[in-house]
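Engineer: With chain A held as given, fit chain B onto it using these hints.
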Amino acid sequence: MQSEFVLEMKGISKEYFGNPVLKDVSIRVRPGEIMALVGENGAGKSTLMNILFGMPTIHSTNGFKGEIRIDGETVQISSPLDAMRHGIGMVHQEFMLIDDYEIAENVKLNRENLKKGILRKLFGDKAGVLDRRAMKEETAATLDEVGLNIDAATHTGSLPVGYKQFIEIARELDKNNVRLIVLDEPTAVLTEKEAEKFLQCVQEVTKKGISFIFITHRLNEVKNYANHMAILRDGSLVGEYDTQDVSVRKISELMIGRSVDISQLEEERKLSEEIILELKDFSVDMPGEFLKNASVQIHKGEIFGFAGLAGHGKAAVANGIMGLYPSSGEVILNGEPLNASDTLATLSKSVAFVSEDRRGVGLLLDESIEINVVISALRVKNQFLKKIAGIRFYDKKAGRKYAEKMIQEFDIRCTGASQHTRSLSGGNQQKVCIARAMTLKPEVLLVSEPTRGIDVGAKKRILDALTEMNQSTGAAIIITSSELAELRSICDRIAIVTEGGITGILKPSDEDYRYGLLMSGVSEEEGGCV
Amino acid sequence: MTEKMISFARKNIVTLLFIILCIFTTAYSRQSSEFILQELISRIIRNAVLILSLLMPVLCGMGLNFSIVLGAAAGQIALILITYWDLGGLPGMGLCLLIASGISVLFGMFAGVIFNRTVGQEMITGMIVGYFAKGIFDLIFLILVGTWIIPISDSRLILAGGVGLKNTIDLNANVKYVFDHILQISFLQCLLYSVIVMAVFVLLLALFHACVRKRSRKTVLRICLPGLSTLGALTAALVLFGAVPSLRRAASYAKVPVFTVFIIAGVCLLNAFLCRTKLGQDIRTCGQNMQVAAAAGINVGRTRIIATVISTVIAAWGQIIFLQNMGLINTYTSHEQVGTYAVAALLVGGASIKKASISQVFVGALLFHLLFFTMPLAGNNLFHDSQIGEYFRVFISYGVIAIALALHAWNQNAKKHK
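These protein sequence lines are chains A and B, in that order.
So for the first sequence, my numbering puts the first residue at 1; every next one is plus one.
So for the second sequence, my numbering puts the first residue at 531; every next one is plus one.
With the rest of the complex left out, here is chain A:
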């Protein structure tokens, strides 16, 4: 019985420890079509694909609800091997290729052709000698199919990034029974030209009846190459369209969709003309979060946000300024150039930083709240010190008093100032981090992911504390966050970082779709015309 769909996932729901991450999602893929799956980070795309592949993370957390059908027949997929057996292939986001191998060796990885021989008969396939000629011939044929004209004996490492993606596809195609290939953000690492070529090749392959699920943030590519699309938001399916029926603007609206009540936003504040921090062609070499040639001016007393998808470089801004990763370009603070690699000097120039890595960089976990709150001021500003016989000692009394004041001010839930920070909850740990940063009385405060992993009540208090500080001290606050709604509720301006560059700076009151477009790497003019 030939079904109309090669794959149907029906009513898929999944919880992680009581947190629903997928709610009744259904998708369908026809033979020989490209189905795009779009959504923000955390919308549930990866979880859905993990379910399709029977990944161990799914089954070790109580499985999922719903049904998977392949060619109309219900199947149980309980391991990646099962998925392979059903003809589902995956092209990973990070290359699963070995650079030192020839292309043929990579394509045939663990499916090598073997010569016949006595030893192989006696000891099994492991003792069989590799038939390199057959491997090369078959690989060459497969490479031909994807339209890659290259010698199968070429070293993989010497290829440009764009080609590697083709080789991954070739590997999946080389498996005889493959029917459906999942592409997990295949174009994220490619240049526009390469991406175009790659997607044309994918389109070519669909003519053989092979289907693709195409995960991406680039909406232009969806529009131009996909036949069909599904949009996920917060674990729910919010739309399923034929791509010709829907505009890029509509897609990005659906993707972001968490409508912010604009009436609730405060009136636009009049910003000081004075510029406190300026970045000029600022590049940061942070693994997984590269930033390239970003230029931006931040005004005195402004609350400035950096938004964008994970892995696109927004996290690199603060980390680069504070010298945690090597950077190049100029940072100008109050009209003076700042040496970004000298962290102590930066701190002493009234720049404070609250890291996204609370438990790693942010806190001394086995020290008390008191020490954690005062340590930076003690090191950088020589506060909380008293001199006894010319030697400087820590002034425990002053420190304790100050810490207790902060505990009250921030409502840090603890047994007292001497409690170790390791045993505090995430929200309270974050409050300690912010309290410490404020102790420095900074002119510029960099805060990364202030509300990640924190419950709602604590979130509000932290955001309130930040705005309060901004109003009372006039310090500029630079917030990096994955929570766009949150940024829009407190920032004066928000820069969108996409693929390592600042694609635009928006006001909180700007429409949803403009945010969506900038995050998808579509320039506003392009998106606007569609």
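Keep in mind that the hints were calculated from the coordinates and are not lab data.
The model shown is predicted, which means the values in this text are computed figures rather than measured ones.
C-beta: ideal position from N, C-alpha, C; glycine also.
Please note that a few of the clues may not be correct.
Stated by the list, open to error - Far from chain A, by Cβ distances over 12 Å, these chain B residues were calculated: (1) 615; (2) 622; (3) 625; (4) 644; (5) 889.
Claimed, not checked - PhoX-like, lysine-lysine: derived pairs with alpha carbons at most 20 Å apart: (6) 270(A) / 300(A); (7) 401(A) / 381(A); (8) 116(A) / 808(B); (9) 349(A) / 300(A); (10) 696(B) / 121(A); (11) 808(B) / 126(A); (12) 115(A) / 808(B); (13) 193(A) / 164(A); (14) 300(A) / 386(A); (15) 223(A) / 207(A); (16) 175(A) / 808(B); (17) 136(A) / 808(B); (18) 381(A) / 396(A); (19) 164(A) / 115(A); (20) 664(B) / 696(B); (21) 164(A) / 136(A); (22) 401(A) / 386(A); (23) 193(A) / 223(A).
Structural biologist: Frame of chain A, contents of chain B only:
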């Protein structure tokens, strides 16, 4: 050009350093060329298999396998057993190799399982496993042998008190030179025969590919190129040793144990063959990237254990060859240093923890052992104290390991920053 030379020197700094040192100590040892050549040949042959045993784990990405001490211990146990049973000659040695293989398979599996639990720290783990094995070895052979648990009484083996093996066990009667003395020829003859055999081999290979496979002349040349260059090198050596009088004297004096050389060649071939099989490819894949290997469905843990087992078994053979040449076992110390010396020799040959080849085994064995025996002599001549040379050679074998590892890490970092 100069840039190329600098990068070549930087990559081979350890080997180059040793070549310079070797020239220096050989000159100052003031020994006859006969003595040096003979000593060098017997040392290379004695140690080659032990060093060869390190290759598989390097290929599998586990670094230098210090746990070959376990294999060496297995070899020793087998030798002690056949000495106790009073077996000898070729059949006895055959049995000895068989027993050693059996024991070392078990030891290798033990080490492999532990390595799988300490991924990324195999080298230090291997070293500690070696110390642990030594403890067990001592417990069994020093404390338990001769008691009711292992009731053995044999005046040749057991200490006067009736418990524990003697510190040294004499192998003169049954085992010494069993392999080495089967057929011995002079080094000069050896060179001559190698040239002839190699020439015939290359000729046959060329004929086979030209006439049977009907390949083009260019392809045939390409296939024969490695053989041709080896032939060239051998011929050059033959001419050199035949023409220079002092070398010629040395080369006709020094003896080469042909049978042992065949065993070594066999181990080399085994290694080369394994590399071309599916198993070899799996081992290589694991060594390149464990995540990719696992994603492709290769059983990474099992593959790593197999690589360790192969290494341990070859090490057991190596220790047997070593001891049949020495003619006696230092019961409690013979296997102790095996790991360190083999690793040092391999590193001197230009290997790193990521890459090692058969040719590096022999270059390393040559340089390391040349230095090893000329240094005390040179020390004696220069400072009138052989202790200084003795001190230096211990210092050097550990120093080599440290420097080579540090340089490797350094180069790795430099590459990353590019």
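Engineer: All the hints need checking, so say for each whether the structure fits it.
Structural biologist: Going through the hints against the structure:
1. 615: holds (31 Å)
2. 622: Holds: least Cβ distance 28 Å, greater than 12 Å.
3. 625: For residue 625(B), whose nearest Cβ neighbour in chain A is about 23 Å away, the distance exceeds 12 Å, so it holds.
4. 644: holds (23 Å)
5. 889: holds (19 Å)
6. 270(A) / 300(A): Within the cut-off at roughly 11 Å; holds.
7. 401(A) / 381(A): holds (18 Å)
8. 116(A) / 808(B): holds (12 Å)
9. 349(A) / 300(A): Within the cut-off at roughly 15 Å; holds.
10. 696(B) / 121(A): violated (47 Å)
11. 808(B) / 126(A): Within the cut-off at roughly 5 Å; holds.
12. 115(A) / 808(B): Roughly 10 Å between the alpha carbons, so the hint for residue 115(A) and residue 808(B) holds.
13. 193(A) / 164(A): holds (15 Å)
14. 300(A) / 386(A): Given pair residue 300(A), residue 386(A) is violated - Cα atoms ~34 Å apart, limit 20 Å.
15. 223(A) / 207(A): holds (19 Å)
16. 175(A) / 808(B): holds (18 Å)
17. 136(A) / 808(B): holds (16 Å)
18. 381(A) / 396(A): holds (16 Å)
19. 164(A) / 115(A): violated (28 Å)
20. 664(B) / 696(B): Distance ~16 Å between residue 664(B) and residue 696(B) Cα, so the pair holds.
21. 164(A) / 136(A): Answer holds: residue 164(A) to residue 136(A) is near 17 Å, not above 20 Å.
22. 401(A) / 386(A): The given pair, whose Cα atoms are some 15 Å apart, holds under the 20 Å limit.
23. 193(A) / 223(A): holds (16 Å)
Taken one by one, the earlier hints fail for this structure at numbers 10, 14, 19, listed in ascending order.
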